[in-house]
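In the numbering used here, the protein residues as written are 5 to 209.
Since the hints were derived computationally from the structure, they do not count as laboratory data.
Yeah, the Cβ is synthetic: ideal placement off N, Cα and C, and Gly gets one too.
Take the hints with a grain of salt, since some may be wrong.
Pairwise CB distance ranges (calculated) [stated by the list, open to error]:
| # | residue 1 | residue 2 | range |
| --- | --- | --- | --- |
| 1 | 135 | 89 | 34 to 44 Å |
| 2 | 32 | 151 | 33 to 43 Å |
| 3 | 173 | 35 | 39 to 49 Å |
| 4 | 54 | 78 | 12 to 22 Å |
| 5 | 179 | 142 | 30 to 40 Å |
| 6 | 138 | 204 | 13 to 23 Å |
| 7 | 138 | 32 | 34 to 44 Å |
| 8 | 140 | 73 | 18 to 28 Å |
| 9 | 192 | 55 | 14 to 24 Å |
| 10 | 137 | 32 | 30 to 40 Å |
| 11 | 89 | 129 | 25 to 35 Å |
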Amino acid sequence: MSGRGAVGRDNASVQAARRAISSYEAGLLAAVLLLVGVSLLCGVVSFSRGRVRGNAHEILMGVVTACQQLYREYGGWPGALQTEGYDMEFGARRRNRELMNILTAIAGQGNPGHSVNPVRLVFLRDVDFWRRGRAGMDQTGDLLDPWGTPVRVVIDSNDDGFCTAETGEIEPVADEKAIAWSAGRDRIFGTDDDIHSWRRIPPRH
């Protein structure tokens, strides 16, 4: 009996050890899977944010190019876009729809009766309606970045060789007929995640 009892105790010890090892392995496997899952999720989020930032920069460059084409087509800024002593900024005190209507040949605010773009040329094309994560026009005609904030644009309306924001929130930018920028994901202008047409896209946030 004592021998059988010893064998039984030994078998029980072995089974307990196996159960302990199995529990350890299961815990280790779960930890590894969790780590892999978190890594994949971070990668997906980072990729998604990078894609959205790329879309924001793309629309900014599209606006700048459209402004340059407008300037070339009319041999200078049309009369309503000419100023002395300051540059016109859209998207802050002045709604950017005023410029968008000119660039898209829509008669409306900023371009009444097609008076600023009388030839009715469409300089800004292929702009979708806004939806979260993708820049586009809202129902009022304002151009919004992928996070829903109106894009800001400055044109060198006094032809002094600098684009200078009326709000003074950015340094003057030289040798550009127009510049555009987005507040970025935090929707606050002047922070390090702003996206600018005249700069490379900053690191992902």
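TODO: Could you check the structure against the hints above and give me the numbers of any it violates, in ascending order?
DONE: 4
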